[in-house]
Amino acid sequence: MADAATPTPHAAEHAAEHPSYLAHHFAGIDQQFEAGSLGMWVFLVTEIMFFGGLFAGYAVYRHLYLPGFEAGSRLLDVRFGAANTAVLIGSSLTMALAVRAAQMNRRKALILCLILTMLLGAAFLGIKFTYEWSHDYEDHLVPGMGFSYPGPNAPAIQLFFCFYFFMTGLHALHMVIGLGIMAVLVWMAARGKFDDGYYSPIEVSGLYWHFIDIVWIFLFPLLYLVGGRY
Amino acid sequence: MIPHAIAAALLDAGQKWPGFELHPESASTIADGVDELHFFLTAVTLFFTFVIFTVIFYFMVRYRRKSEDEQPPETRTYLPLELTWTLVPTALCVVVFVWSSSLYFQNSRAPNAAMEIFVVGKQWMWHLQHPEGVREINELHVPVGVPVKLTMTSQDVIHDFYIPAFRVKQDVLPGRYVSIWFQATKTGRFHFFCSQYCGTGHASMIGWVEVMSPDDYAAWLAGGTRGETMLQAGERLFQQYGCATCHVADGSGRGPSLAGQFGKPQKLRDGQTLVVDEGFLRRAITQPNSMPLPNYAPVMPSFQGQLNEEQILQLIAYVKSLAGEERKTKGQ
Amino acid sequence: MSAAPGAPAAARVDYLNADYGIRSWLLTTDHKRIALLYLGTITLMFFVGGTLAVLMRLHLIDPAGALVHPDTYNKLFTMHGIIMIFFFLIPSIPAVLGNFLVPLMIGAKDLAFPKINLLSWYVFITGASLALYSLVAGGVDTGWTFYTPYSSTYSNSHVISMAIGVFITGFSSILTGLNFIVTIHKMRAPGLTWFRMPLFLWAIYGTSLIMILATPVIAITIMLVGAERILHVGIFDPALGGDPLLFQHLFWFYSHPAVYIMILPGMGVISELITCFSRKKIFGYSFVAFSSMAIAVISFLVWGHHMFVAGQSVYAALIFSLLSFLVAIPSAIKVFNWTATLYQGSISYEAPMLYALGFIGLFTMGGLTGLFLASLATDVHLSGTYFIVAHFHYIMVGGAVMAYMGGLHFWWPKITGRLYPDMWARIAAAIIFFGFNLTFFPQFMLGYLGMPRRYATYPAEFQILNVMSSAGASILGIGYLIPLIYLIWSIRYGPVAPPNPWRAKGLEWQTPSPPPTYNFETTPVVTEEAYAYGPADSAEEGAHG
Amino acid sequence: MPGHVLPLRIYIGVFLALLALTALTTGVAFIDLGPLNTAAALAIAGVKMLLVVLFFMHARYSSSLVKIVILAGFFWLALLLSFTLTDVESRHWTPAPAPWSAPPQPAPKPVALQPPTRPATP
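Residue numbers (our numbering), protein chains in the order written: chain W, 1 to 230; chain B, 1 to 332; chain E, 1 to 545; chain A, 1 to 122.
Keep in mind the hints are simulated off the structure, nothing from the lab.
The C-beta atom is built at its ideal place from N, Cα and C for all residues, glycine as well.
It cannot be assumed that every hint is accurate.
[Claimed, not checked] Listing some non-contacts, in silico: residues in chain W with all C-beta distances to chain A over 10 angstroms:
1) 22
2) 38
3) 86
4) 97
5) 107
6) 111
7) 112
8) 130
9) 148
10) 183
11) 188
12) 190
13) 207
14) 211
15) 221
16) 228
[Claimed, not checked] Among the chain E residues that face chain A by a calculated CB cut under 7 angstroms, a handful are:
17) 144
18) 145
19) 213
20) 253
21) 313
22) 316
23) 392
24) 474
So here's chain W without its partners, still in its complex pose (with noise of 0.2 angstroms):
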């Protein structure tokens, strides 16, 4: 419910006090503030929904050729899966740092968290392109570009890897507009743009880092370790 500040005319509230930040049509800051998380928590649900079709897709597929799907899931590195992990749970810290950093106006921590965020965000891109998707390019894994696997359940070890590279590259599709967000906030927190009474660009920024950090917390066990590794 909007809280109900005085219905002041219109010309005269263009007059009051009129923070930079403040859009014409909302009434008070908490609105401003209040409709931006809620923006953002429902367009996190169309997203859960936008990885659900791919998580619908690999549950019907893994149900019908279960063999094949442990047999490709075991030709992934388990140790590259972990390690991207642990980086994406580490820059879903700083992030939440950066936050904790703006709310308390503490600028310097602020920039420095959100550059953390953006290196540990670089460096999980880094082992997927570099280690990962290469290996995987050289062992013909690649479905469309040369795949070839001479064991049995080749087409189903090739619906595998097309799951794997459709939900990790939509993954770090997301992880780069993700850090692209970064870069901007740090221009504008270096800025002075933000204070204490004005965070939520940083608020809902890190509501979407941290959704991503999610979707790869499941992709991880689901990719990496279906059917166990011994």
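Got chain W; can you put chains B, E and A on it based on the hints?
Just chains B, E and A now, with coordinates in the frame of chain W:
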């Protein structure tokens, strides 16, 4: 029953003005049941539409605005009325659901003594194969009064085998067997259509079901081309593609013996048990390693692409016939 | 209706003359101007889709196909489907009437995220231009359903460019839905509780829920089909053991709720029209409001009824059949409540009311024929035939388009500040009603006789009914041209509209026509029920402007 | 200002818990538990997700509306998964064939022998 009277009236109306039929022919055992449900639903639709139209017209005339500053009385929400027009439609829906679901369940169970015909849909024609070896394109000859089961698959995209006069329809999927059954009650020629969009020739993928008396059918079958029956074709392929080297009848080969396997449950290595039906055999031929057996190494090569759909059906017909010998050997 | 004859509007600044020039339109963040941008775009797409429909009906006059080669006919019905659904029906009421009215009806200055609102129009324009490119470059022949393996492996038409177009347009729906949800939750005027809101807002809220929860699934599905065509490998590839039914599950998980995205806002408009033109409070407000929510939720549980004959398991079909019956109940409740609202009313028959009454009749027919398709036994016979084509056209054209036309005429004075010629509007409504019935009622019989849909040529015994349907289609086509003409005419030559020409309730009628850019001088405080057409009505008749 | 400032130790604690759970789920994968493996992996992932949502994303301290939005998201995902898997799982449960006995055949009337019509062959 009233629907039969309506159906008969509509039918002869159709005869009088050709091209203006209102009721399709009903030429199979399930057609009348489906028509009864259809007439009931039509009656419900017409009743509610008639009620809504007349009530609205009455209100429109009775309460038309006479002067600009007319003051209609306050609207009182009247809970019992709201409950009635919530519960009555719900009850009606549940009744129709139970009626239609039981009818559907009944119609989907093919009788066990059904005569089997194999259908392969490919882009823009239907291949139909009788076990006795006769093959037809866009034509299906069946005896009247005998339940016929069609086991169908597609060679490329999704098609759909639809015989309006028998009220049966089933999408035909690539890579899988689907089946429908019907028992014709009238002789004559009835249309069948492809009713799932499949490309340029979707509209030309139609044909005729020719329902004949049992004697005419026997005569037609005898007159058919003297090709090898599906069993003989299957046996030839079984030798030609080297299946016999591994699948030796007494189980001494690298592969399991296939005698007597059809129709029995088969336990897989991961604990699943599946019934050995046409779909199981087709998957074993095209993707052998996706169903590893407990005590056999997954070394069987995939025949995907080497055998076309008709040949796979012939191989399966041959494996099904092996089931018979096993019972025979046990008999002696 | 008191029309000030031709008096020039006092030189008052409103959202239309507040600013001039292309930049003021293409970079606007004013929800009212964005609504007009959407209005222009979807009107263009409606007439493109409509021309395709007329071509199809002309082709089907002759059983052997009079006009075009079967390949072209396949492209005609595919493009007709795609353009009408993704580029007209889904955005029509939410993006045009919703964008314009949601802030006005809740007493806010604008939507929660104005810049995102403009972004959603640009996303829509990108998708629409990709679709028009695909149409001009040679069309798509997969049907609007894009069923694999035909769409992913066998079709050789412009599927990739159309898939990307539909993928991008999906995000326009998502962003609009997101905007409405946050606005309705966070920016209502003081005193405007949920149960004092107009029912149009309840319907828009339900529609937005469906938009944000369903659209992402088709975005990912269409992306997978596009990827499969580019890489020649993918999860729907039958050679790899891909399951064609998986595509149908993912596709219909969006596409059935999508048909409720198209009809639910229409129901919201009808609630507004029926109450205003019978000068009565809605009968059973909370029942109609909750039925919008019920439709939004249950619409996600029923998609399997599109796949009863597709090879789905018998037991899953039973579950979907029962739920499909239950989704009809909220719609029935709405129809009964609208009819009850007319009781003891003072009904006047301006054009919006004719559209509303037409909607109730045709929507009842459309909804009840849905029962044939929810019930398993009859759906086996009717699925894939013209019965289905008739059913969804009764809901889409008889329902959603009639409601859109009614809403457009009802709020036209508020949007443009001009009155349209009501006599012409009534004639057009009657022509549309008659042309529609002549077009689609014969198709019910064609479907029962067993004529499959998407056929370029058909057996001769279906010809008479097809000729009747084609005749109706030309009448319907003319019926839709008439409003285009007199509405455009009214923008320049129509009499100036007073703030409240229909003496209707609702916050949007308390602003001048057309409203200023910031909508309300002071944020209004709401004290009374929605549709308070009681005795107090004539006292303060649209007092403050 | 809305939004809750959490003490540092909560963030560090959650971080360490998440790392521990990652190690646990990787470790469990190396033990053969049969179908339990998948259940364990998903349960651990669920716990990690709860930790991130409740503490890092401040869901625990935000309005009930946000909580409902989160639950709705997962509920709709569950809808998509459960109905699709119901169909895939129950697809081969075809109902048992119906018993059928041929209706009494009327006595075959003598039929004149006509030359068999040759059907269209490929």
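How the hints compare with the structure:
1. 22: holds, 13 angstroms
2. 38: Given a closest Cβ separation of 6 angstroms, the condition is violated.
3. 86: Label violated. Min Cβ-Cβ 6 angstroms, cutoff 10 angstroms.
4. 97: violated, 6 angstroms
5. 107: holds, 16 angstroms
6. 111: Given a closest Cβ separation of 18 angstroms, the condition holds.
7. 112: holds, 14 angstroms
8. 130: Non-interface label on residue 130 of chain W holds, nearest chain A Cβ at 21 angstroms vs cutoff 10 angstroms.
9. 148: Consistent with the label, residue 148 of chain W stays out of reach of chain A, its closest Cβ about 27 angstroms off (over 10 angstroms).
10. 183: holds, 21 angstroms
11. 188: holds, 18 angstroms
12. 190: holds, 22 angstroms
13. 207: It is violated; residue 207 of chain W is separated from chain A by about 6 angstroms at its closest Cβ, not greater than 10 angstroms.
14. 211: violated, 8 angstroms
15. 221: violated, 4 angstroms
16. 228: Per Cβ check, residue 228 of chain W is inside 10 angstroms of chain A; nearest 4 angstroms; violated.
17. 144: This interface hint is violated because 21 angstroms lies over the 7 angstroms limit.
18. 145: Constraint on residue 145 of chain E not satisfied, violated at 17 angstroms.
19. 213: holds, 5 angstroms
20. 253: OK, holds: residue 253 of chain E within 7 angstroms of chain A, min 6 angstroms.
21. 313: The hint holds - residue 313 of chain E has a Cβ within 7 angstroms of chain A, the shortest such distance being about 4 angstroms.
22. 316: holds, 4 angstroms
23. 392: Hint on residue 392 of chain E: violated, closest Cβ of chain A at ~22 angstroms, above 7 angstroms.
24. 474: Violated. Min distance 41 angstroms.
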